[in-house]
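Asker: The chain contents come next:
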Amino acid sequence: MSLSAQLPALQVVVPLASAPLVTLLRVANLPWLVALAASATAFAISIALTGQVLPGTTITYDLGGWPAPYGIVFVIDQLSCVMMLIVTGASTAALAFGKMSLDLQIGTVRAPYFYAAWLLALAGLVGISITGDAFNIFVFMEISSLASYVLIGSGPDRRALTATFKYLTLGTIGATFYLIGVGLIYMMTGTLNLADMASRVGDVSDLRPVLAAAGFVTIGLALKAAIFPLHVWMPNAYTFAPHIVSVFLAACATKVSLYVLIRFDSAVFAPNLAGHDIRFSGFLTVVSILAVLIGSTVAVFENNLKRLLGYSSVAQIGYILLGVSFLSLTGMTAGVVHLFNHALIKAALFMAVACIAYRLGTVRLNEVAGCGKIMPWTMAAFVAAGLSLIGVPGTAGFVSKWYLLQAALDHGPVGYAIAAVILVSSVLAVIYVWKVIEWAYFREFTETSREAGEAPVTMLIFTWAMVLANFYFGIFTELPLGLAESSAKILLGAGL
Amino acid sequence: MIETLGLYNYWVFSLLLVIGLFAIVGKKNLIKKLIGLSIFQAAVFLLYISMDKVTGGTAPILLADADTRVFSNPLPQVLILTAIVVGISTTALGLALVVRIREEYGSIENDVIRTMDPDT
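Which chain is which? The protein sequence lines are A and B, in order. Position 87 of the first sequence, counting from 1, maps to 87 under the numbering used here, and the rest follow consecutively. Position 92 of the second sequence, counting from 1, maps to 1092 under the numbering used here, and the rest follow consecutively.
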């Protein structure tokens, strides 16, 4: 077999195998360099795989040569590609961007272990995106979760530890719930392969264990994906994590769980359980509307920049779910495209915040007052990414909002109310982005902000590259929209 | 009635699950929370081990008279071996975190920590 046929396995193996190697490197800068190289390789592989899948083919890869229902199989379709690109792209961008910030917050002694944990998290997240085996998803989920507990816990503030402890308990409950659900389905069908499960669950779908399994899987993954009201671990975990870890995890960690939720539901439950679609969208529409409104409102009153963005993420996850819960082609497309666009938006915003924190050492609004005047490029990047968050035309955020509104308006009177909710939440986004602008540009300097200077050029370059990506994908929308539309068809084709 | 009692493995599973969950939510002491987490995970091990039992089944070892023997399903056992490893790693990481929390705060009681850092 040629090397290109092994790409699906290499996607996971490269970061996984580099992790133990990195722990052995004791020369300064080398762990970072190897981690960056491994991450960039994974990114290159996912681009290559996307190129293969884009015409509409699906790649299946039997691990160890064991055929599908017995062995573990990797299945790569357009939706997996969206996730792979988000995960490997966010990891590579964050590593390339964050060298100086990480040197400051992690130091050289802890660096080998930190980067090893980073690569393990990357391997786990990529693995979840491409595996077609329910139990394998659990294993990858725990690899990535355990690694991200280490990443978040290595934050310099002691509150990082308590935030991690909370994340660890709730994350484990979520993963264990998922495991119970998978176990119940295995009891009924005798298979762990998602595709095989989908064809067998139909025979037993009137039995109660399958319904219980649907409940356990949904709640477990909702907990991992920080879906309102199960988001309590998330804002603090993002706030006290090292800034660069926030860039990486905010862009992709919760979205991967969200992806599993959508994939599992549309493949296994939706085609087989009677009346499932009504219950699914009835439940998720309400939850996501609450998420959108409450997440945005809390963000308006928040004074810590990173926690403000954390609560904004709660609202944005609500948008993704809202699109999915319409169960229409436009809605599903909106959801998937927002998975992609929100990763761009939040990565750019957290990068700008990391620049501010690098110079000022704090992310509290009253302590960074006036920073717009001393860090004009950084704040300009924040404002530009903020426009994308709000959904101003010409930005990536607008594309997802546009599709979301269209999907809502297709739904008659209820849809008009939902469209109103989206608009109200956008106004709230204007308010909290404006609040940051006001503190940054129209308030007097504090003692810390007076002495600081503009962020280092290397950090600025990557921040602006991410901001420009927001505008690029706001204007040239073929790639994300094309992938999202075919993903939506895959999800609904199996689903309706 | 007899049939319901016959499924006592699953009753124990549910009971352990709820006990564990209660400890995680209800206890203030971080170590007790972790013990709850372990009980919670152990409950799931029991669920998987119970489902693979075949009445009269023996260990799935390939012997000469394999055709006439009845075996228990080995797959859930292998799966749960993986889950046990995950559980141990989680507990170990959790305990390491508690050690670090004790170093920083001088306490492992959640309400004491809350008074020291109100926004956690």
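You may find that some hints are simply not true.
[Unchecked claim] Pair by pair, the computed Cβ-Cβ distance ranges are: (1) A/L24 - B/K1032: 34 to 42 Å; (2) B/S1089 - A/D103: 23 to 31 Å; (3) B/K1053 - A/W66: 21 to 29 Å; (4) B/A1059 - A/V414: 54 to 62 Å.
[As the list claims (entries may be wrong)] For the chain B half of the interface with chain A, some residues (derived, Cβ under 8 Å), not all of them: (5) F1040; (6) D1067; (7) A1083; (8) S1089; (9) R1100; (10) Y1105; (11) E1109.
[Unchecked claim] According to the in silico footprint, chain A covers these stretches of chain B (three or more CB under 8 Å from chain A): (12) 1020-1033; (13) 1043-1051; (14) 1056-1063; (15) 1069-1082.
Just so you know, the hints here were simulated from the structure itself, not pulled from any lab data. We treat Cβ as the ideally placed atom computed from N, Cα and C, and that holds for glycine.
Asker: A separate judgement is required for each hint: does it hold in the structure or not?
Answerer: For each hint, the structure was consulted:
Under the hint 34 to 42 Å, the C-beta atoms of A/L24 and B/K1032, about 38 Å apart, fit the expected range. Between B/S1089 and A/D103 the C-beta distance comes to about 28 Å, which sits within the given range of 23 to 31 Å. Checked against the hint of 21 to 29 Å, the pair B/K1053 and A/W66 passes, with Cβ atoms roughly 26 Å apart. With their beta carbons about 58 Å apart, B/A1059 and A/V414 fall inside the hinted range of 54 to 62 Å.
For B/F1040, the suggested interface contact is upheld, since its CB lies about 6 Å from the closest CB of chain A, less than 8 Å. A hinted interface residue such as B/D1067 counts as satisfied when its beta carbon comes closer than 8 Å to some beta carbon of chain A; here the least separation is about 21 Å, so the hint is violated. Annotation: interface hint on B/A1083 holds; nearest CB of chain A at approximately 6 Å, less than 8 Å. A hinted interface residue such as B/S1089 counts as satisfied when its beta carbon comes closer than 8 Å to some beta carbon of chain A; here the least separation is about 6 Å, so the hint holds.
About 5 Å separates the beta-carbon of B/R1100 from the nearest beta-carbon of chain A, less than 8 Å, and the hint is met. A cut of 8 Å between beta carbons decides the hint on B/Y1105: the least distance to chain A is about 7 Å, and the hint holds. Hint status for B/E1109 relative to chain A: violated, with the closest Cβ pair at about 12 Å, above 8 Å. Here the region 1020-1033 of chain B counts 4 residues with a CB under 8 Å from a CB of chain A, which clears the bar of 3, and the coverage holds.
Interface restraint, the region 1043-1051 of chain B with chain A: holds (4 residues with C-beta to C-beta distance below 8 Å; minimum three). Evaluation of the coverage hint for the region 1056-1063 of chain B: breached, as 0 residues show C-beta separations to chain A shorter than 8 Å, against a requirement of three. With 3 residues carrying a beta carbon less than 8 Å from a beta carbon of chain A, the region 1069-1082 of chain B meets the three-residue requirement, and the given coverage holds.
Hint compliance for this structure: hints 6, 11 and 14 are not met, and every other hint is.
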